[in-house]
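With chain U held as given, fit chains D and S onto it using these hints.
Letter by letter, the chains look like this.
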Amino acid sequence: MNTQRICCAGFGGQGTLSMGKILAYAGMLEGHEVSWCPSYGPEMRGGTANCHVIVSDEPIGSPVVTSDANCVIAMNQPSLDKFVDILGKDGVLIVNSDLAALKEDKEDIRVLNIPANAMSTQEFGGAKLANIILLGAVIQSINTVTVESIDDAFTHVFEGGKAKFIPDNKKAFKMGYEFAQNYK
Amino acid sequence: MAVIFQKTKALTDVKLHYCPGCAHGIVHRLVAEALEELDEVKNAIVAVPVGCSVFANKYFNFDAIQCAHGRAPATATGIKRVHPDKMVLTYQGDGDLASIGTAEIIHAAARGEKITTIFINNGIYGMTGGQMAPTTLPGMKATTAKNGRDPKINGNPIRVCEMLSALDGPVYIERVSVSTPAQVTQAKRAIKKALEIQRKGLGFTFVEVVSSCPTNWGLTPVKAMEFVREKMIPYYPLGVYKDITAEEGK
Amino acid sequence: MAKVLMKGNEAVGKAAIEAGCRFFFGYPITPQSEVPEYLSSELPKVGGVFVQAESEVAAINMVYGAAGAGARVLTSSSSPGIALKQEGIGYISNAGLPAVIINMMRGGPGLGTIQPGQADYNMAVKGGSNGDYHNIVLAPASVQEAVDMVMEAFDLADYYGTPVIVLADGLIGQMMEPVEFNYVCKKELAPKTWALTGKGDGEKHMVENLVIEPDECEAWNKKHFETYAKIEANEQAWEEFLMDDAEYAFVSYGTSSRIVRSAIGYLREAGYKVGMIRPKTLWPFPTKAFEKLDKKIKKYMDVEMSMGQMVQDVAYACNDKNKIEFYGRTGGVVPAVDEIVEFGKKVMGGDK
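Protein chains in written order, with the working numbering: chain U, 1 to 184; chain D, 1001 to 1250; chain S, 2001 to 2352.
Don't read these hints as lab results, they were simulated from the structure.
One or more of the hints may lead you astray.
Lysine to any residue pairs mimicking SDA-like chemistry, simulated, CA-CA at most 25 Å apart [said to hold, decoys possible]:
hint, chain 1, residue 1, chain 2, residue 2
1, S, LYS2204, D, HIS1017
2, D, LYS1009, S, TRP2194
3, S, LYS2204, D, LEU1016
4, S, LYS2273, U, ILE60
5, S, LYS2199, D, LEU1011
6, S, LYS2273, U, SER67
Okay, chain U solo, but in the shape it has when bound:
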């Protein structure tokens, strides 16, 4: 695996920070070095929110991803526009296609358009699990952590009273994973 640099970006409230946290947690459970680095400040209150997650077999240098990203998840258009250029060669752009689209083709990257909002709304009655659907696509698309580790991470992140959220999260994750598997 070596080092995987992932950027999750969207509006505040879309769950970009928590999808990154689940990924980082899974990496930690597998014994990798991980870091989770959020944007912080006024934008937390409804503006853009993003976090950078690094999963690596070596001690992590910069926790901020400004180049050579392996994966960018863009949950809305401003995030796509802001972060598409940090993708490195053969990087994967995962787009919440209900709210964003890549305007100009880019060389050397792979793009997955996933209607995550619509999929979440259809299955769960709202867009709240779009982030986990996209996370499923991430795990299918790049070499980071196993599906089992993500399941493990769910049980750590959703503790106690929050455990009731685990089944839907697992389901959403699987939807995204399978969508990416069948993507052409």
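Relative to the frame of chain U, chains D and S by itself:
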């Protein structure tokens, strides 16, 4: 032979550096006697200010800390939170408490810190040489208000007891003076009561002592005490401003 | 203890509790507010005390009182708040009391920004209060190191009787990394027989700050400097990264050293013999790290999130100001890896 008078053991033998006629000596003794009578000298910790009483730690014969200017109530908060079973006092002048340390005294009072503050109000900065204090009376001369305090230019004095009694945190607030023997007796009663209330853990207690500064007022000690009675006390009326123990008794 | 994924601000709060700290006095400020938030709920669970002070000034003076009363005590803030605390830090230092102060730095000066910065180096290392004094200053580069350094800070503070500043930044406060908490006191600590506890049947204790006689005050200062000499001899700490064959050395601490570490990866791939000296103590500055390298290194490349506040210390340590090149971003800007790679290539002679 019967002992008819003995100096309190809660004061050291260090010679006081205060000017002739200064009331700090009287108030030090009242605080010391009150603690001794309550058998709390062994448990007492005093936070002393910046100002004339900056060396009060040398005179009080119990644990003491010299604080930054105005911060004694904060420092005392730190001490009391570590040792809730000890008697923690602050001893502060008017510049320290009512000017640079206004935030600290208000918030210690509002939090209901279980400490006792002794506030010496003589309406002047003594240690630095007679500058205008937050409690300098209108018309009263100071080296930074040479023609006398003009509220239009210099603003108005602060009545601290009145201000603090608007808060819910304090449980006992009294203003006393030491310009007559009867006032001295009452002052000691107030200090002792405040300490007793602290010992019961009821809340924040505060005793203001309207005092004098013959040196910086440019008056003899006797004239200075007259000034206290004739000018200071009418502006800063003596009496109990808050006492939840009295309310409980009703 | 298994590793947990924790935000830096919460992790340092837990570290303090693990190290036996039971008293926190503080004031909210971004980007460190999770420290007081965490401790407000966690300290009472272990019989501790959390007080949200009316101001930074009051908070540090509460720390002064609690330290004088013999407690392990913590406050935390971020740059403008730490500026306000300087008065109290000077008093604590002068009184020879132990206290731990965490600074999650942001961009400055003044209100500045809320994004990560390193421009409080001078305030922490050169002294932001009046008078001759030093703080011990520890500079973590990861959440785990922040945890370890907060724990160590309490021991150093108690051992030497001095304030210890843990100088991190908003990024370390806000980011999550896996951490574990293994507190082991490595110092032999004397009981605090000097503390204000009420004199009981013994002699009274005093915590003093005013020395009216200049000779006496000078002697007091000199006594502090005897302690500082011991600290300089014993407590310098640094990390050497890929220095064995290095011809060039980056010098960087905290978050900026993380960026440099990544940049070195690219530069090594490109064939440059470059490493890094990463100071872990900023005071005492790790001059020992430079002594053995002096002749070998062609250039020292100082990278900071400031306009170069550490440069003079590096120059002093390597004893040749002509060997120093500086690159910095400030005001809350975290440099990108690419910028550091470019800077390195420029200094080391262009593309290989």
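Status of the hints after comparison with the structure:
With a CA separation close to 20 Å, the supplied pair S:LYS2204 and D:HIS1017 stays within the 25 Å bound. Restraint check: the Cα-Cα separation between D:LYS1009 and S:TRP2194 comes to about 21 Å, which is no more than 25 Å; the hinted pair holds. Straight-line distance between C-alpha atoms of S:LYS2204 and D:LEU1016 comes to about 18 Å, which keeps the hinted pair within the 25 Å bound. Distance check on the hinted pair: S:LYS2273 and U:ILE60 sit about 20 Å apart at the alpha-carbon level, within 25 Å; holds.
Between S:LYS2199 and D:LEU1011, the direct Cα distance comes to roughly 13 Å. Compliance with the 25 Å bound is thereby established for this hinted pair. Simply put, S:LYS2273 and U:SER67 have alpha-carbon atoms about 23 Å apart, close enough for the 25 Å limit, and the pair holds.
The structure agrees with every numbered hint stated previously.
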